[in-house]
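Asks: Chains as they are written, first to last, in this note's numbering: chain D, 1 to 66; chain V, 1 to 577.
Hints may be right or wrong, so weigh each one.
[Stated by the list, open to error] Sample of chain D residues facing chain V (criterion: CB under 8 Å; computed from the structure):
1. His-27
2. Asp-29
3. Asp-32
4. Glu-35
5. Tyr-37
6. Thr-39
7. Cys-41
8. Ser-42
9. Thr-44
[What the hints assert, rightly or not] Covered stretches of chain V, as calculated for chain D (at least 3 residues, CB under 8 Å):
10. 192-206
11. 325-331
By construction, these hints were calculated from the structure, which means they are not laboratory data.
Backbone N, C-alpha and C define an ideal beta-carbon position, used for all residues, glycine too.
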Amino acid sequence: MPDNPPSQKPLICPACFAREIDPVFLHFDPEDGGEFYCTHCSYTARDRGAVEAFLSDHIRHRHGIG
Amino acid sequence: MLYTNVIHRVDARADSRAAMAFQWREARRLALPTTTLLTYPALFMDEAIADVDQLRGDTDELGLHFHNFQSPRFLERFGTRESAFWLLPREVRRAFLDEMMTAFERRFGHLPKSIGGYIIDAWTLAHIKETYPSVEVAITSCFEEGVKMFYGNNRNWFLFSDGGPWNPYFPAKANALIPAADAEEAIDIVAVPHLNRDMIMALNSRDDLFASHPGNLFRARINEGAACPYLFRFIDAWERQAALNGWSYLNIFVSSPWMSPAHWAIGNIDDARALYRRMLEDLKEREERGANSNTTMVEFGAAFRARVKPGDATVCHWKDEIKQAKREVVWVANSHHRAAFDMNRGGALVDFRPYAGRLDGNLGPECPALWNGNYPFLISTEHCGGHWNTAQFASVSDGSHTFSTTDRRTRATVEKTENGAWIFRTEPLRFNLGAHSLVLQSAWEVSAQTGISIRRTVLEYSGDPTALRLTETFFGRPGTHEYPGDLRGITLWADPNTRLPFGYSSKEATVDSPRAVGADVGSLGVSVSMEAVTPALRGVLGDGWLFKPCFRLDLTHAPEPGKDVVTCLTTRPLKNP
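Sequences are here, hints too, so could you generate the full structure?
Replies: Have a look at this one:
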């Protein structure tokens, strides 16, 4: 299968977001336990929650919180 | 064999000299040889020379370093506030070199064999070799620090030498970033890099932060206290490169300010020094089990000359040592090109610097390039916004559905062949074409020659194979940074007789059964082509447009399952550029 994001909404790469690069969607590689990865930078994550937490931190920071 | 080379720099400030004493004592405790390079202010400072006399051991080599020279003495003598050696006016550079060489000989009784700078251009290297033939080896560039570190340093760091090799090589007289094709073209100095770099971060981020430099690892915050497992994985990775090339070189150059408590990037100096100490112990342990040889610069230079001749190629197969995830890249450099293939994009060629034009890369106020020493790319996925703007890859269609090799992440295997080339292959990758599935494997053969042989093999297909079309695509845009230059003047062509001048028209020209498709790029002095080793059905030449300033070359084949489709990516000097 192609390394497309799974059927849920595509995840934005949080590392690219932090560098203020317009949304770059993570790919998903199902092999070796599954991994989200970015082809723009080298960001990788094992689970969706880690990606969302990273992104959420940056969004809070953008709003001056945390 | 991995050759490891611990290098120190003697600076004049008191805190730096104290840090230098720590570095030197630690190396001597472990009986590790060092190369110690003196800066201009230190060379004329009696206290610094007294440190050298007191701390130097029998296996420590002394040489000169051309950074950190700005000082009251320099300003008084040369009258310029220029702070980068490689940007000094040539007359100043000559006089500065003469003064340093003379002072070194007066201090130590002989001229140096090893020298170093962040950039040393071809004019300067040739001048040094002619005037001071004792010099055998030089640190000549900071691999891929240019554009990305310029941004990382808040647009203050004018050090641009992107596009050269990462490994030691014999620099060409025309441009010090180009590996010479033969002894006649070579400046007879072995060029070594300033630090080894993380070869994935070298493509897309700050490779100064992820390098053979414990201080910079602190700056990158990849340490936890004094612990930094990444550093030792990084050294392992360079040890593995020796299996591909027969040798490998690790340049560990930590200038003394990085081991000083005063350095802005170092939070806890005890942790930083503990990591430095642990790294030296690791180098010693490796040597005791026969994994490496701890050398000076000049010792490495001699070993390199015995193993490598001008014109030889080198490869690097690098895996993600930061996150230890699946990403891999393969690099190759020879006298014709430097190329990087990203397995995260199915093996796409993502950075390509053709050297056929032998462009002038000399720097300084007298030179057209001024400060921009980057050797131009024809492909840079990083600087041009993605593989859909510049890259070389393939796509497969059944007439209704299409996939690209860039859709899949893969691993690579790299093997050396009996004739001195290397073949690297992706895994067999399964793709969907509508209801059918197809397994495709890609392989590349690289060597000291100009051609890169690209093989695509359909291993399985569950549909009608006569409907399949495989297209090799080359998207190109010459440049040295993100902003596109003027692409007018490029001529796209198909062999035998089709021409399409680049004019931002978005026009396409389709050609039946071309022997090759190519582009003549005058600004690079190079003609690049994809040659149809396996006969092609069709070729397409694609002009760009202002919002997508790149050219496109396509070669389309009818692949037969089990048979290779072979294309040769070639560059040649452009006649009358």
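Asks: For every hint, state whether the structure bears it out.
Replies: Results of checking the hints against the structure:
{"no.": "1", "hint": "His-27", "verdict": "holds (7 Å)"}
{"no.": "2", "hint": "Asp-29", "verdict": "holds (5 Å)"}
{"no.": "3", "hint": "Asp-32", "verdict": "holds (7 Å)"}
{"no.": "4", "hint": "Glu-35", "verdict": "holds (6 Å)"}
{"no.": "5", "hint": "Tyr-37", "verdict": "holds (6 Å)"}
{"no.": "6", "hint": "Thr-39", "verdict": "holds (5 Å)"}
{"no.": "7", "hint": "Cys-41", "verdict": "holds (6 Å)"}
{"no.": "8", "hint": "Ser-42", "verdict": "holds (6 Å)"}
{"no.": "9", "hint": "Thr-44", "verdict": "holds (4 Å)"}
{"no.": "10", "hint": "192-206", "verdict": "holds (count 4)"}
{"no.": "11", "hint": "325-331", "verdict": "holds (count 3)"}
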